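Chains as they are written, first to last, in our numbering: chain Y, 1 to 312; chain P, 313 to 872; chain Z, 873 to 1176.
Derived from the structure by calculation, the hints contain no laboratory data. Because the structure is a prediction, the values reported are computed rather than measured. One or more of the hints may lead you astray.
Distance condition first, Cα-Cα at most 27 Å in a straight line; then the derived BS3-like pairs of lysine-lysine [to be verified]:
{"id": "1", "chain 1": "Z", "residue 1": "Lys919", "chain 2": "Z", "residue 2": "Lys937"}
{"id": "2", "chain 1": "Y", "residue 1": "Lys69", "chain 2": "P", "residue 2": "Lys724"}
{"id": "3", "chain 1": "Y", "residue 1": "Lys69", "chain 2": "P", "residue 2": "Lys649"}
{"id": "4", "chain 1": "P", "residue 1": "Lys695", "chain 2": "P", "residue 2": "Lys620"}
{"id": "5", "chain 1": "P", "residue 1": "Lys695", "chain 2": "P", "residue 2": "Lys675"}
{"id": "6", "chain 1": "Z", "residue 1": "Lys924", "chain 2": "P", "residue 2": "Lys747"}
{"id": "7", "chain 1": "P", "residue 1": "Lys620", "chain 2": "P", "residue 2": "Lys557"}
{"id": "8", "chain 1": "P", "residue 1": "Lys459", "chain 2": "Z", "residue 2": "Lys1042"}
{"id": "9", "chain 1": "P", "residue 1": "Lys468", "chain 2": "Z", "residue 2": "Lys919"}
{"id": "10", "chain 1": "P", "residue 1": "Lys514", "chain 2": "Z", "residue 2": "Lys924"}
{"id": "11", "chain 1": "Z", "residue 1": "Lys929", "chain 2": "Y", "residue 2": "Lys25"}
{"id": "12", "chain 1": "Z", "residue 1": "Lys1042", "chain 2": "P", "residue 2": "Lys346"}
{"id": "13", "chain 1": "Z", "residue 1": "Lys929", "chain 2": "P", "residue 2": "Lys468"}
{"id": "14", "chain 1": "Z", "residue 1": "Lys1042", "chain 2": "P", "residue 2": "Lys468"}
{"id": "15", "chain 1": "Z", "residue 1": "Lys929", "chain 2": "P", "residue 2": "Lys747"}
{"id": "16", "chain 1": "P", "residue 1": "Lys695", "chain 2": "P", "residue 2": "Lys725"}
{"id": "17", "chain 1": "P", "residue 1": "Lys747", "chain 2": "Z", "residue 2": "Lys919"}
{"id": "18", "chain 1": "Z", "residue 1": "Lys1042", "chain 2": "P", "residue 2": "Lys510"}
{"id": "19", "chain 1": "P", "residue 1": "Lys601", "chain 2": "Y", "residue 2": "Lys69"}
{"id": "20", "chain 1": "P", "residue 1": "Lys601", "chain 2": "P", "residue 2": "Lys649"}
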Amino acid sequence: MLTTPIEEDVVGTSLWKDAWRRLRKNRLAIIGMVIVTIVIVASIVGPPIIRLLTGYTYDSIPNDSALIKSFPPFTAPDGTFSWAHPMGTDIAGRDILARVLLGGRISLMVGIISTLVSLVIGITFGATAGYLGGKVDEVMMRIVDVLYAIPYMMVVIVLLAFFGGQSPLGQLFLLFAALGAVSWLTMARIVRGQVISLKNQEFILAARATGVSTWKIIARHLVPNTLGPVIVYATLTIPSVMLLEAFLSFLGLGVQAPLASWGSLAADGIQNIAIFPWQLLCPGVTMAITLFSLNFVGDGLRDALDPQMRKS
Amino acid sequence: MKIAARVGLLVASALTALSCNSTTSAKSALYFGKIEPPQGQVMRYISGSEPESLDPQVSTGQPEARIYLALYEGLTEYHPVTGQVIPAIAERWDVNANNTEFTFYLRQTARWSNGDPITARDFVYSLRRGLSPALAARSAYLAYSIKGAQAYNEGKGRAEDIGIQAVDDYTLKITLTTPVPYLTGLVAHQFFRLVPRKAIEKHGDAWTRPENIVTCGAFKVQSWRAYDRLIVVRDPMYWDAGVVKLDQITFYPVEDTTTQMILYKAGEVDAVYNHTVPYAWVDEMRRLKDYMDKPENAIEYYMLNTKKAPTNDLRVRRAFNMAIDKDALAVYRRVVKPLTAFTPEGIFPGYPQPRGDPFDPEKARALLAEAGYRDANGKYDPKKFPVSDMEISFNTNEPNKQTAEFVQAQWKKHLQLTVPLKNVEWKTFLDSRAKLEYKGAARAGWVGDYMDPYTFLDLFSTEFGDNGTGWSPPEYVAMLREANTEHDPAKRYERLARAEVFLLAAQPIIPLYTSGSDWLKKPFVKGMYANPLTLHAWKYVYIEHDRSKWDIDDPPLSTN
Amino acid sequence: MLRFIVRRLIVTVPMVLVVVSLTWALIRLAPGNFYTGEKPIPPAIQKNLREKYGLDKPWYVQYGKMVSNTLHGDFGLSLKYQGQPVNTILRNALPVSATVGLLAYLLALVVGIVSGTLAALRQNSKLDYSSMAVAMLGISVPNFVLGPMLVLLFSLTWYVLPPALWGGAKHLILPVLTLSGVYMAYIARLTRSGMLEVLRSNYIRTARAKGLSERHVLMHHALRGGLLPVVSFSGPALAFLVTGTVVVERIFALPGLGNYFINANFNRDEPLIIGIVAFISIVILLFNLLVDIAYGFIDPRVRY
């Protein structure tokens, strides 16, 4: 690497400062950011507050068996209006709001961390394969193909058999590993595709001609130019890993009951949609609003980081 | 944004329409969803998972059993209402004094679907085939009490030495090594149903394909497409064909609960198999006449690992059992009956079922204190208990999860212990249970193979492998074996009950509940009963097209 | 180009072998086996079962048999669905999955590309925002929720479409809609961002400067480059759709490959898993090859 610290500093500042300046101007992105922040804060401080106010935690089943049933939002057992359960209760009489907020912790963590993992692996792998081309590209992409075809479920079952029975923290790590393992594959293909089409463009050729090192070309010139589709795909990855988590909890990975995630709450709720629609709608709408907002943030970021737009 | 808002509005309005719809219909109507009887005598039924095979001897599950009741018969059959033994191909039978020799007299009118007569030799062939090591039937152990059966199945004996004999064309003698008083009920099990020799010898593995299959039940196969549907039609060759009313039954293998309920509500199927109604729906459904509810010949319990601390201590096992309010659990689960013993409640008439320890949280805490989990004053101290060595593990499934959450809450409340839950994929779960690798408690359930308490008590007399708890003392096994030598049914039940008391005292398990049948049928489906096996004798089922008779309960049934 | 295709086709064989070998090893490592049940089976019967299916032989013999089966394209008998050849199962289930999958993807492509392109052309307009919001809705609503919702509307409220089961064309509508929802959204968003990227690039500027009509620029120049991300996405997506998707097949009780596959995993049905995996890997390799070929056609800058 030929970079000097000074050069790095200058480039870094202008890129991110510029981006931030443009992002601030994007009203939707700012609204999105505010909503996401609210959801994050609520899922962190919400459960203890509910516990303080109503005594309910995500897993408390009422002692009185008359209360072990699903009440609609804002409804007291006698049918009158009540603030006790703004999202109603589930079939075990548990407070849905407390469960949704707790589920938010898990789902947001899963969504964001796994997506970051897939971004890092996917970009590195895809950009390298695409830029180097030839035999290296061939081998790298065939590895991706093999990984696509391996039955994912079997991998998770075996993973659990060998590393299961862990502490909750170990289990979480396993979950990220399992989620990261699949979500980077398509990312890598997309990045590679972009890089292949970019690498013969003038500015890359120019960089190469002036003797810039391979890694620097990839990191400085190719990757920033692929960011558009990558950010968009990343915002698409967040919901898909959140839902994949719900499937994994079916295999025994993911969250263990009575903990919940948005995906698992929605999966439980759909069963009772015809009788207790709030069991699906409450977690579902919370999740949809969050994903919407995240998406606007993603779009804003995309526009802000767009190297083509930088001069405008 | 407008489009999104409009779509949202549409969905919301549809949902409100729906939920209003369901509540109003629950109040006014007696039935669930669309009610439109099919044309003619045609029935559509959801039978559960895709059948493993149409060969009754190799498949072991309930989804197949539901279908076999239409396609195959054995010596005896289950009564459509009580589940008790009734004659089938055998008209009557004799038993010797110590329950070791059974003589069956077959009806001479029984025929295969291809018109060939059914004789005693067909039964001899079927049992020999079922026990042959080459077939490797998983249920073969059910026949091990028949003389020579185990040796042949283990590759040590000859087929000719098996204690099954065709005395003449219509007389069959079965000789046992140990007394089996419930044998007549046992031989109704799918493993003992007749299979067609000629077709098997001609087609080998492919004999169960629709074009090759030969059956002996009230219905025969018309077409079969895996994961889609199996269509059976009335078999004119069947000996009791005059009773059969349905012309056709379509069995749908549908696994998803929501889909099952939707298909039923939309009137695409006329009945569903048991345990299909999500328990959240039960309060709503119970008001409707569709709902079929009866205790089943099945129990749900937790196994305890008696080889690993802390559950290797009897006091700990008893404490955890006594700290669960089974009545509250039954209220919570809606469709079940509370259970403190190891045999299902109210299923075996005349069986003096013992009661296990009652719900008593105070005693539970005292027992734990006694077991050493106490503070300086000798009072129970939850902080001393190694709660990280306990778990409730269960295979992934919604009802299992709900039960586990409830039990966890009970222990938290009464013992101040938060035992972690662990859901595990089915085969991984079974593996860890069989190898006793699980910590604390593991979920278990058993559906009786026959209508006798022995099918439950026998789970812990395992000579083969482990029963999942590590508990199987020789005294217990001896008590069971001796009970079976008793010829007088009442006295035998008494001795079995004594064995059950012994089992409950050792508490290798925590009984949870007796399952409820929990299924649905449309009002025009008649002759289909909530029975303890939830296996339906299809020959008595029919479609009532006269609407005035829909609300009237089924008339009493006469079987021959 | 031709040499490239031939090379890729030849490499398919060892690739499939790598995939099935890894899968085979995974099945062996997974706890439990095909006969593990609620009640343990006596050892003698376990021995009978192992002998019947050749599991008593040394592992290399079993492995060799699996490899030779795969090379011959005959995967033997299913362990769970006793007496049924895996090949028959594949033959029966594949058309179902392929029909639903292809139709769903076609629908997703048409709707996705059109709305994505329109959104990109009118960036930051109401049309852009609303179509992207709908797309996001499609992604945020998982198909296990979307499916039952559609069923509630069309089958239980309006009674116009069958709720599930396999039958005529009417039975296809809801599964196809459910399945295409997510993909539609993906494609719309990928198209939009790809198009935005391209519409600002030099060659489009050049084309516009030459005075070509906006329509011509769009159809002949912009779409080509703008669709690259969609094309990359399509290879694996299509391969998965065609080989069956578990959720939709379960919700609508379709006799497709996805249903078989998930159960085969749970049942540890080795021949069936191997058969399906071998098939899926061939499909993935072929579709990715097609994608790479398509790259060459779509984007003249790509060279092999």
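Holds or violated: Lys747(P) and Lys919(Z), Cα atoms, limit 27 Å. holds (18 Å)
Straight-line alpha-carbon gap Lys601(P) to Lys69(Y), limit 27 Å: Holds - the C-alpha atoms of Lys69(Y) and Lys601(P) are around 22 Å apart, at most 27 Å.
Would you check the hint for Lys514(P) and Lys924(Z), treating anything up to 27 Å between C-alpha atoms as holding? holds (20 Å)
Is the Cα-Cα distance between Lys459(P) and Lys1042(Z) 27 Å or less? Violated: Lys459(P) and Lys1042(Z) sit about 57 Å apart, past 27 Å.
Given the hint that Lys1042(Z) pairs with Lys468(P), test it: the Cα-Cα distance must not exceed 27 Å. Violated, at about 58 Å.
Can the restraint linking Lys69(Y) and Lys724(P) be considered satisfied, given a maximum Cα separation of 27 Å? Holds, at roughly 20 Å.
27 Å limit on alpha-carbon distance, applied to hinted pair Lys601(P) and Lys649(P): holds (20 Å)
Take the C-alpha atoms of Lys1042(Z) and Lys346(P), compute the straight-line distance between them, and say whether it is at most 27 Å. holds (19 Å)
Is the hinted pair Lys929(Z) and Lys747(P) satisfied, with a Cα-Cα distance of at most 27 Å? Answer holds: Lys929(Z) to Lys747(P) is near 24 Å, not above 27 Å.
Decide if the proposed pair is consistent with the structure: Lys919(Z) and Lys937(Z), CA atoms, cutoff 27 Å inclusive. holds (20 Å)
Take a quick look at whether Lys929(Z) and Lys25(Y) sit within 27 Å of each other, Cα to Cα. violated (70 Å)
Is the straight-line distance between the alpha-carbon of Lys695(P) and that of Lys620(P) 27 Å or less? Holds: Lys695(P) and Lys620(P) sit about 20 Å apart, inside 27 Å.
Checked against the numbered hints given earlier, this structure breaks hints 7, 8, 11, 14, 18; the rest are met.
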